[in-house]
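Line by line, the protein sequences give chains A and B. Counting from 1, position 372 in the first sequence corresponds to residue 372 in the working numbering; the numbering is continuous, with no gaps. Counting from 1, position 66 in the second sequence corresponds to residue 66 in the working numbering; the numbering is continuous, with no gaps.
Honestly, I wouldn't trust all of these hints.
No more than 16 Å apart at the CA atoms, straight line, and that leaves these computed lysine to aspartate or glutamate pairs for EDC-like [claimed, not checked]: (1) Lys-7(B) with Asp-350(A); (2) Lys-146(A) with Glu-218(A); (3) Lys-250(B) with Asp-100(B); (4) Lys-377(A) with Glu-503(A); (5) Lys-7(B) with Glu-347(A); (6) Lys-19(A) with Asp-39(A).
If you're looking for bench data, these hints aren't it; they were derived computationally from the structure.
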Amino acid sequence: MMQAKFPPFSALRQKFGGKVRSLHAERENESYLLAADPDIRGISEYLRGEYNARLVTVFAEDRCAVEGVFFNYYVFEQKGNTEYLIVRAPVPVDDPQFPSLSADLPAANWQEREIQDWFGLTAIGHPNPRRVALHDNWPDVHPLRKDFPIDTVLPPFEGERHTYRPALGEGVFQIPVGPVHAGIIEPGHFSFAVAGEPILYLQLRMFYTHKGTEKLFEELPVHKGVFLAESISGDSSFSHGTAFCQAIEAAAAIEVPLRALIMRTILLELERIYNHVADIGAMAADVGFVVANAHASRLRELLVTLNEQLTGNRLLRGMVCAGGVRRGWDAAQLDTLAGTIDAFAKEFKDLIRLVHSSESTRDRLEHTGVLLPAKAKDLGIVGVAGRASGIDLDVRRDHPYAAYRRFSFRVPVYQAGDVWHRMLVRVEEVSESIGIIRSAIDHDLHEEFRVPVPPIPPDRCALSAVEGWRGEIIHWIRTGPGNRLERCKIKDPSLNNWPALVEAVQGNIIADFPVINKSFNLSYSGTDR
Amino acid sequence: MFNILQKTFNTGIVTTAYPRTPVEVPANFRGRPSFDFEKWTDARAAAEVCPTAAIALHDSPDARKVTVDYGLCVFCGLCAEASSDQAVRITREFELAATDRGNLVLTAEYTLNADGTHRQLRKVHRGLRSIDAGVEDAGKAARMKIQQLLGRSLAIREVDAGSCNGCELEIIALNNPVYDIERFGIHFVASPRHADMLLATGPVTRNMELALLKTYRAMPEPKVVVAAGACGISGGIFGENYASLGGVDKVVPVDVYIPGCPPRPQALLHGILLAVGRLRERSFDKHVG
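Whole structure, please, built from the sequences with the hints as guidance.
Here it is in structure tokens:
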């Protein structure tokens, strides 16, 4: 039996007595702590206080038919420890409520409200218990409950979708924007309260693109689930696809061949740089430096063409599969990869030189949209946005997956938290990614790239994490009979990071909103699922 | 300033000549799966692995109907990998846009063997659903009128009605220097009131239905609607469920459908130019009689 690494069960028992039932390591780096009841406030405080643990995500599962309860799951991680500790807390069917953590831990805010919406479990003491995932005019349904069929036809809409908090005062205006935006952007609603030009307050309304994704995973055989995972967020197809496959591989207890792990690493980094370079260009364009954007989008095109040469698809789809990758690369493809990366590296330097030479660009981006480190910590911000605000997290380093253990790379972290530093994080990450890809190509890529996946036994739980280009992606699955899933929880980094946008825009002029928003570049579809 | 100009001159012109000259797509690009219906003896494996049921079997005691719907296809290539009889082949064709939803559907009829394989191709036809003739004529009339009124200029309003953002990435790419859609006098506009074309992606979610409808209604006549991507055409892998209504044509009438997951920029361009009558629809299977 593997041992959980933190904290020792004896310490927990001593502290909490019968409130903790058991602790077991499901596999290396994944331990489950079974709580006796839904109140895990003490455990959470203890883990965060004594072990400096961070709450990664919160979600629920309907086990009423099998075990007669719902479960809430709280995933924790500890700095310097590769293990995930997952607290599983039963919520009784006849008393479907649990004490909220959000008042002390704002990072849990949206996720606890999601549990309310999807499962009908009430978060007692939540400071803002309004619906978040289901729009206000939805009937009283809880789609992730097992007794809710996926093909339920809901009655037509009536009434208001959402009542926004009014912003009052002399000269205060409210500006509604969306869900259809002026540009080619995903849908969401922003309600700005402004006094003159500065933004006083921003309210967000998301989940316009909610399409039943988590429920749909429960309907599909596992091999089809990969394609659904690739469609969670279009610009993170490979990261979400990999996260999903890793969860399946963990549940099936299979070892993925090294060649596949290295190829996945290369493709994950290609996904990072094609998105980062596009964002760098888009941020320049949003402050009027369109020439830089023209070069950046040309470079992005170079990379997505490379994606197509390597995987058959410009967004890297149809490549990853449970057990490895679907195709190997021949010598010509490896030459193209090396050659394109060299050409890109040179051009990327030129692009950054161009951006740095523009004083007016820097002037507009510096001190704009500041997210202070303390706020970022409270809100549980991850990824690029976190690292620009002092949050030193990177799944590649902290919980190594694919072949990341084999490569050395630096994780850039800044404290300033403005648009400029969110750009700098991207610039430095691109350079690191180029380094990773170059060392990965040197590995022998001629062995086996895929192993067969045997039928997966039911009732296996597995957590998987990937550092997508935006940040931490988590997939958690429970397998069911017949190579299907009972539950698939998806956490995109965007879900953590939307509240950061609300903080970062305050006091900025509304004309700077587009560039601030772009500097976070969050996924609506990844959030809404 | 000097370095900006220098970089521009050193870079030169990067814009493609598509569609004037055909595009060189990489050898590994997965385009339209092509079916050798006469050679095909067993469609079960392909239908089994297809993630979106784009390949579907309709068996009766002694007959089998196989439908292939490019409006559902996500171009994953699994059907070709799964078919041992080499009857399914992945081609590099991507100009698949169609003015009729039915044009994306092929149906092959066979005699069914007792062991589950099939033989004796009876017929193959294109088109499944009979589109209301009136609707079709109205679409054609709108396209003619837009061409007459606006000559070669076109204003597009894009609406993401629930997509994963994959299609949007390729639509945005139409504005980059490589595809440079403005060379055709085509531009994306911020308001539906300025638009001649609604370019929509899907699946249309329950939460976006009203916004899509309002955008469509806000556009002045004449107007055309283009649905892009598997999800925009049919709901794709999301299909229809409690939160998803399916394709764009569930909410507004669609004139042109552009398959792909996502459609590459040239495929989008082909569909957009087809919608305004500047390109012709391609017939994509020589086996279709």
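How the hints compare with the structure:
no.	hint	verdict
1	Lys-7(B) with Asp-350(A)	holds, 8 Å
2	Lys-146(A) with Glu-218(A)	holds, 10 Å
3	Lys-250(B) with Asp-100(B)	holds, 14 Å
4	Lys-377(A) with Glu-503(A)	holds, 12 Å
5	Lys-7(B) with Glu-347(A)	holds, 10 Å
6	Lys-19(A) with Asp-39(A)	holds, 9 Å
Checked against the numbered hints listed earlier, the structure breaks none of them; every hint is satisfied.
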